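Peer 1: Kindly produce the complete structure, drawing on both the sequences and the hints.
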Amino acid sequence: MSRANGVSRWLAMAALVPALAACGPGDSAGGAEAGNAAPGAAAVAPSDPGNGTTQRAGAAEPVYGFGTPATASQIAAWDIDIGPDGAGLPPGQGTVAEGLEVWERHRCVLCHGPTGREGPNDLLTGRIPGDEFPFANDRSLRSTVGNYWPYATTLFDYTRRAMPFDLPGTMTDEEVYAVVGAMLYFNDLLPADAVVDSAVVVDTRMPARDRFVPDNRTGGPTIR
Amino acid sequence: MQDGARDEAEAGHETDGSGGDVDDRDERSGLTRRALIAGAAAAAGGAITAGATRGLVQEAPDPTKVPGARPVTVGSRSPHETPEKLLSGSMGGSSRTPLQDLHGIMTPADLHFERHHHGIPQIDPASYRLLIHGMVDRPTLFTLEDLKRFPQVSKLLFIECSGNGGGAYAPSPSPQHTPQSVDGLLSTSEWTGVALSTLFEEVGAHADATWFLAEGSDAAVMGRSIPMEKAWDDAMIAYAQNGEAIRPEQGYPARVFLPGWEGNASVKWIRRIELSDRPAMFRDETSKYTDPLPDGTSRQFSFVMDAKSIITYPTYPQRLPGPGFVEISGYAWTGRGLIERVEVSTDGGDSWHDAVLQEPVLPKCTTRFRHGWEWDGGPAHLLSRATDETGYTQPVRQQVLDARGPGTRYHSNAIRGWRVARDGSIEFAPV
Ligand code: HEC
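Residue numbers (this note's numbering), protein chains in the order written: chain A, 1 to 224; chain B, 1001 to 1431.
These aren't lab readings, by the way, just hints derived from the structure by calculation. If a hint is listed, it holds; no wrong ones were tucked in.
The list that follows gives simulated cross-link-like pairs (lysine to any residue, SDA-like), each with its CA atoms no further than 20 Å apart: (1) B/Lys1148 to B/Pro1248; (2) B/Lys1288 to A/Ile128; (3) B/Lys1288 to A/Arg127; (4) B/Lys1288 to B/Pro1406; (5) B/Lys1288 to A/Leu141; (6) B/Lys1288 to A/Arg209; (7) B/Lys1288 to A/Asp131; (8) B/Lys1288 to A/Arg142; (9) B/Lys1085 to B/Asp1110; (10) B/Lys1085 to B/Glu1249; (11) B/Lys1288 to A/Cys111; (12) B/Lys1148 to B/Ser1127; (13) B/Lys1148 to B/Ala1245; (14) B/Lys1085 to B/Asn1242; (15) B/Lys1148 to A/Thr68; (16) B/Lys1288 to A/Glu132; (17) B/Lys1148 to A/Pro62; (18) B/Lys1148 to A/Gly65; (19) B/Lys1148 to B/Pro1125; (20) B/Lys1288 to A/Asp215; (21) B/Lys1085 to B/His1118; (22) B/Lys1085 to B/Gly1104; (23) B/Lys1288 to A/Gly126; (24) B/Lys1085 to B/Gly1119; (25) B/Lys1148 to B/Glu1190; (26) B/Lys1288 to A/Arg217; (27) B/Lys1085 to B/Ala1109.
Residues from chain A that keep clear of chain B, each with C-beta distances beyond 10 Å, as calculated: (28) Pro91; (29) Ala97; (30) Arg105; (31) Arg107; (32) Val109; (33) Arg127; (34) Met171; (35) Asp173; (36) Glu175; (37) Pro191; (38) Val195; (39) Ser198; (40) Ala199.
Predicted model, so just to flag it, every value in this text is computed and none were measured. Just so it is clear, CB atoms sit at the ideal spot from N, CA and C, and this is done for glycine as well.
Peer 2: Encoded structure:
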């Protein structure tokens, strides 16, 4: 789900990636450029490796004319991702109390335990004192929604598309809001009487929000 | 236990869903059982080949005295050859390529490793559609036939799960690892399809699109965000593998393929691509597939698979029959382009020798290396280390520990090794 306002940090990161992906002269052998230039290739802007935000653009007119225009409703049927800015969050709301019912009714409890700590499947609940982030140094530490996930929007997105594991994608949006509320409540990120809607999902500040950094491995002799 | 959550495929120590770490010994014994079977097979095909062959000659009629079988519509392996993938997990899970059983660089399609998070979907090619939309002039639906009408690209490429090798990074790795159990989430194929750049030109990609979101039509609707730069470089939508349609477990009828990048990002069963100006922050690029660092941060979008190598012969559970010539052989690969050099040590790293790189040596593809060695019958420690064209040399474990700490789960590429005892037995012993 796209939205015009970008997240500047990730624009900067996109600029970083070409350098990381550079892989030498041999790499284009057999690629699209090798004898496969499209008739409309002249319409393609030259790549500008110094500026990761504008690498290249598509052709002004279709080059081959294969494929069928996608209608708005066809796109809407599949366009399910939720952006970190909340783009794509559906209308609706749910309460933590309802979420605890969803937790039973949709059997989250069977696979993740009564409070998301008990398993047998992925651990979902747990904070680290002071919201420290010592994962690299302590191999026994396990990530949870509360100690590792940077965005609550991801929790909505993943739960809606992939859970419950054996019946994925079967909950209503209201149920997803509610059960996301329950998981945030388990992690002490929402009070027991919270009402969860799109604004709450976007605004809930996840403890690990600022922990993530772009890849700084570049090849060359340094081990990172 | 729901093995899907155990995620042993990723790193050998991820969540087991019961509140504690996966017990390394559990995994070890699991592998041991399988390794023993593999060992019996290896022995049959190796040290005692002569005896086995004699036995067959006695049982089967002289093939020069009876007409052979007729041609068949679909061929199959000799009944004497039974390479198998090593399974783990039940709902998501993985299967590992029997690296020790293969020659050259190609992986037979039915032995290609698998890692999927929500099972293999069944997709009817007639109703298959790929949607490309978002920051484009012309949102478009492509049928499989549409995709096949575009100019083709075809390359020999490796793909590796970023959790591959987790078992080697564990504090005390099992000596009973095989190449398959430790690094079998690696395979090489000829991948054929249409360059993503061709499709993005076709739909009129906007110049200010910096990311594309790729989503599969499996039950996880697996999503990953990929920098546009990769599309303009060498990403493709692949519909064929080793000359035939992609296998269902590899993404039939079409998948994203990102040469040299962690396998998870090459979304299988691709259904939707949205051009955007920021990543979606999918679960598999936040909760998973990120690399915690000792300074309290976590490396995100760590796509490239760095240089790595592993000796695949001689290895556990094989046993050298006696002193004499041994051709050490294995794979080297790097997501950054070409393997420039592979060195082999037989004395635990005191001295190193340049291995021969067997042609073809291709970018972002496995390279087969060989090194002739005269075993004197004494203890030996076989190591291999790869250097890629950027000058990056495969590190020892301590270097990775220094850079990333003990808690890291992906991108385990430290030097692998095998200890040979006087009796010819071999154990896994990375450094
Ligand atoms: C049948 C067992 C099962 C049920 C029922 C189930 N889950 Fe899951 N859940 C899993 C498994 C297995 C995974 C790991 C999937 C993977 O690794 O790709 C998982 C993963 C998750 C994750 C991501 C964990 C992480 O660390 O990335 C969340 C969040 C989640 N489940 C929430 C729920 C919710 C909410 C429900 C109820 C609506 C639910 N699950 C029901 C088995 C289940």
